[in-house]
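Order-wise, the sequence lines are chains A and B. This note's numbering applies: residue 1 is where the first sequence begins, and numbers increase by one. This note's numbering applies: residue 1 is where the second sequence begins, and numbers increase by one.
Note that these hints are calculated values from the structure, not bench results. Each residue gets a CB set at the ideal place from its N, CA and C atoms; glycine is no exception. Treat the hints loosely; a few may be bogus.
[Said to hold, decoys possible] Simulated restraints on C-beta separations:
1) A:A268 <-> B:G303: 26 to 32 Å
2) B:D302 <-> A:A79: 43 to 49 Å
3) B:R80 <-> A:R272: 50 to 56 Å
Protein chains: 2
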Amino acid sequence: MTLYLQLAETLGSRIEQGLYRPGDRLPSVRAMSIEHGVSLSTVQQAYRLLEDRGLAEPRPKSGYFVPAARQMPPLPAIARLAQRPVEISQWEQVLALVSTVPRPDVVQLGRGMPDISSPSLKPLTRSLARLNRHADARALAYDGIHGSPLLREEVARLLVDSGCRATASDVVITTGCHEALSVSIRAVCEPGDIVAVESPSFHGAMQSLKGLGMKALEIPTDPVNGISLEALELALEQWPIKAIQVTPNCNNPLGYIMPESRKRALLALAQRYDVAIIEDDVYGDLAYTYPRPRTIKSYDDDGRVLLCGSFSKVLAPGLRIGWMVPGRYADRVLHMKYISTGASALQPQLAIAEFIGNGHYEPHLRRMRAQYQRGRDLMIDWVARYFPEGTRASRPQGGFLLWVELDEAFDTLRLDKALRNRGVQVAVGCIFSASGKYRNCLRMNYAALPTPAIEQAVRRVGESACELLEPCEA
Amino acid sequence: MTLYLQLAETLGSRIEQGLYRPGDRLPSVRAMSIEHGVSLSTVQQAYRLLEDRGLAEPRPKSGYFVPAARQMPPLPAIARLAQRPVEISQWEQVLALVSTVPRPDVVQLGRGMPDISSPSLKPLTRSLARLNRHADARALAYDGIHGSPLLREEVARLLVDSGCRATASDVVITTGCHEALSVSIRAVCEPGDIVAVESPSFHGAMQSLKGLGMKALEIPTDPVNGISLEALELALEQWPIKAIQVTPNCNNPLGYIMPESRKRALLALAQRYDVAIIEDDVYGDLAYTYPRPRTIKSYDDDGRVLLCGSFSKVLAPGLRIGWMVPGRYADRVLHMKYISTGASALQPQLAIAEFIGNGHYEPHLRRMRAQYQRGRDLMIDWVARYFPEGTRASRPQGGFLLWVELDEAFDTLRLDKALRNRGVQVAVGCIFSASGKYRNCLRMNYAALPTPAIEQAVRRVGESACELLEPCEA
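Let the hints inform the model, and build the full structure from the sequences given.
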């Protein structure tokens with residue numbers, strides 16, 4: 001990473017964390033140059049980048065300032081949940097969501113789809129084309145069940161960035177993170193077992209619990225700090241929980257990054273009560289701050305964390321390549337992986353390994369992180385502008401998903417219905433709860449480069465919500 | 001299909017079925033021309049093809065004759081099995097097999113790997129290359145959970161050949177047949193349930209039963225007629241069986257095609273006892289006879305058959321694209337598919353759909369069927385020549401896998417060990433039984449075009465077996 005980028009990241013995260021408040025004067029170019037031991041032009045480049053990102057505002061002859069506060073919707077509330085394990089419902093709504101395919105006449109804000117039109121992905125498709133042009137028969141053979149050694153090595157190298165010391169032999173390649181999660185659950189639990197989950201929580205992982213016959217115990221989750229450790233401890237005391245399933249980095253759907261101290265505390269709890277942790281890090285590389293956040297796995301000293309990730313969110317979901325570091329559960333994980341899909345496809349593995357090995361991964365990440373961060377700010381702005389008064393919204397620290405909370409009595413299933421003929425699709429909140437909570441919430445995707453059509457679509461969601469809020473008698 | 005091919009198939013299957021015996025004179029070219037209303041040159045072309053396949057022998061001035069009988073090893077015995085459901089073992093041996101990747105220094109006869117070096121596959125890799133050269137972003141997006149409509153339509157069209165009337169909407173695309181089988185089991189059974197299986201039976205499907213907590217009830221299986229309906233009926237009477245899992249066409253590992261009347265009888269049994277049938281048709285398109293055999297699904301009138309297949313054996317396993325027709329279990333199948341891997345990769349689906357749509361599928365199949373049939377004859381010949389006296393072998397009617405049975409006391413695990421330093425790998429028999437039977441059997445792959453190195457490898461297997469048979473005291 002070049003110096004000016006590093007500097008911009010440092011200063012940017014200080015601004016984001018509120019060390020400088022709206023209207024504050026930022027350190028002068030000269031002062032920064034001295035403090036960080038870099039040239040004046042490096043500081044100026046960093047400031048220009050921050051300006052692009054809307055984090056700094058130049059004023060003639062006076063230097064850089066933090067822009068005046070935007071009108072920000074308040075944060076979502078923390079759900080008060082009945083603490084008992086439940087069977088998971090909402091498959092119908094999930095099915096409706098995952099049956100969708102891209103359509104030119106619908107702006108799809110519902111799915112967890114990254115922007116795959118970025119030119120920084122070109123080397124990847126070039127690799128895939130080359131693999132096929134040379135009709136390399138090897139790449140169409142069965143791969144070994146563990147996955148390609150080339151990709152496993154690259155994944156192990158990437159893991160260093162999240163503080164994780166793993167070797168290639170610790171890594172298992174999977175068919176997307178979906179398989180990694182599902183295999184993890186099956187490796188750790190038996191049907192009927194209880195798994196503690198964040199609430200709200202990724203619908204895919206919850207449907208896996210449902211499909212495999214587990215029960216979910218929803219733990220209240222803070223939109224800034226993540227899963228409530230206090231509530232979790234109570235639950236561990238009270239129920240025979242087998243595993244804790246969390247997405248601590250760039251959480252889906254809430255967008256927070258769990259503070260490091262809380263990650264360590266969560267691990268300590270798991271150790272005390274001897275339960276496994278299934279850690280979903282599928283969005284971790286898309287954190288807006290540098291360096292990227294650590295995983296719980298990076299603190300794991302007795303192999304109880306099953307770390308799951310994939311290239312679906314950082315590269316492209318159609319590759320269907322995920323990975324996991326299963327720790328002490330490796331044997332059972334391998335068996336479950338075998339019966340799930342056998343070996344994973346080799347061609348995309350080789351293409352991804354080449355993409356990373358040739359140094360294309362980091363620049364691509366940097367580009368996407370910046371794009372998504374701008375997307376977040378715009379999307380929050382639109383929610384503030386177009387949604388009913390009192391609407392709350394998350395402050396994602398990475399990824400490309402915004403969680404929106406409407407009036408408590410609001411029903412997003414009705415909204416979803418109303419939107420069907422208006423060319424917009426969102427993810428309804430109830431699928432993020434085991435028991436159909438969050439009917440007043442929805443999740444929207446801001447991955448795509450902003451266009452008037454997307455703003456128009458978000459506006460339509462907001463306006464439809466306003467219409468539905470009007471009393472029926474009016 | 002051209003006339004001469006059709007004629008060759010007809011006459012070839014008459015010879016194979018024994019209507020003409022070794023040494024018999026075959027009908028004259030002129031007689032055939034009159035009987036079938038085709039030109040003399042068409043008949044001559046057909047005969048030349050039969051000659052290539054070793055089914056006809058020209059004798060100067062006398063016409064064509066059935067070649068003298070080759071020395072054929074006797075058929076494998078039918079196992080006498082204890083009829084009680086068992087937990088499945090042998091994961092270690094399966095893991096050893098599926099951990100292998102192609103190595104230049106080892107002749108791998110163990111895996112169910114087709115020949116992917118055929119030039120008739122070129123249009124497929126060209127499609128994949130083109131999809132990536134144009135960097136068609138759509139193909140890297142999430143696909144809908146059901147799979148690509150294009151491929152579903154092509155699969156529905158192919159199904160006509162096996163007598164199955166299905167529309168695109170009845171088809172679900174999966175990540176290989178492995179996923180189709182695993183999803184089927186989970187859609188139909190609960191942990192602890194009993195599933196009746198052929199014995200011997202495909203290790204992948206059995207490991208799925210194991211991983212999902214089911215028990216297997218092994219049913220004696222005839223190397224010509226398939227699963228014993230009599231034993232199956234007894235078992236259905238005695239045990240609360242939930243599903244019957246069979247591979248009636250080009251069975252793995254025995255290679256038989258179950259006669260149609262027995263397929264219908266099997267379905268009738270399933271209806272009478274109200275159990276589901278999980279039908280694996282992954283090798284069905286590779287039957288050596290034309291037209292290809294029907295599936296049990298083709299007789300299914302109440303949706304109880306879950307038909308599973310893939311392009312792994314007919315095109316290439318690295319594509320990881322399978323399909324299923326789940327009948328009345330569609331809803332649950334879709335949920336299980338979702339939690340298994342989400343949607344399957346779109347690029348290979350589009351490439352396969354194009355391959356079929358452009359008419360490349362049939363010619364490729366014809367080529368591979370002919371190659372595999374020749375491979376079978378050679379492999380049986382080698383077994384007769386190089387293996388210990390008394391060795392038995394199957395007579396595969398399709399596919400590319402030969403089942404070999406050695407002396408009852410023989411231990412192929414010891415053979416496998418001995419072969420490790422001799423550059424050959426086979427599949428040991430015990431993985432084809434839920435309870436570790438068939439230790440005296442092994443499975444060999446004859447998909448690759450024969451080379452002296454392959455003959456040498458088979459010879460080494462045979463010779464190693466002979467050495468191990470010698471009394472230790474000697």
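Each hint, compared with the structure:
1. A:A268 <-> B:G303: 26 to 32 Å: violated, 52 Å
2. B:D302 <-> A:A79: 43 to 49 Å: Because 45 Å falls inside the window, the suggested range holds.
3. B:R80 <-> A:R272: 50 to 56 Å: holds, 54 Å
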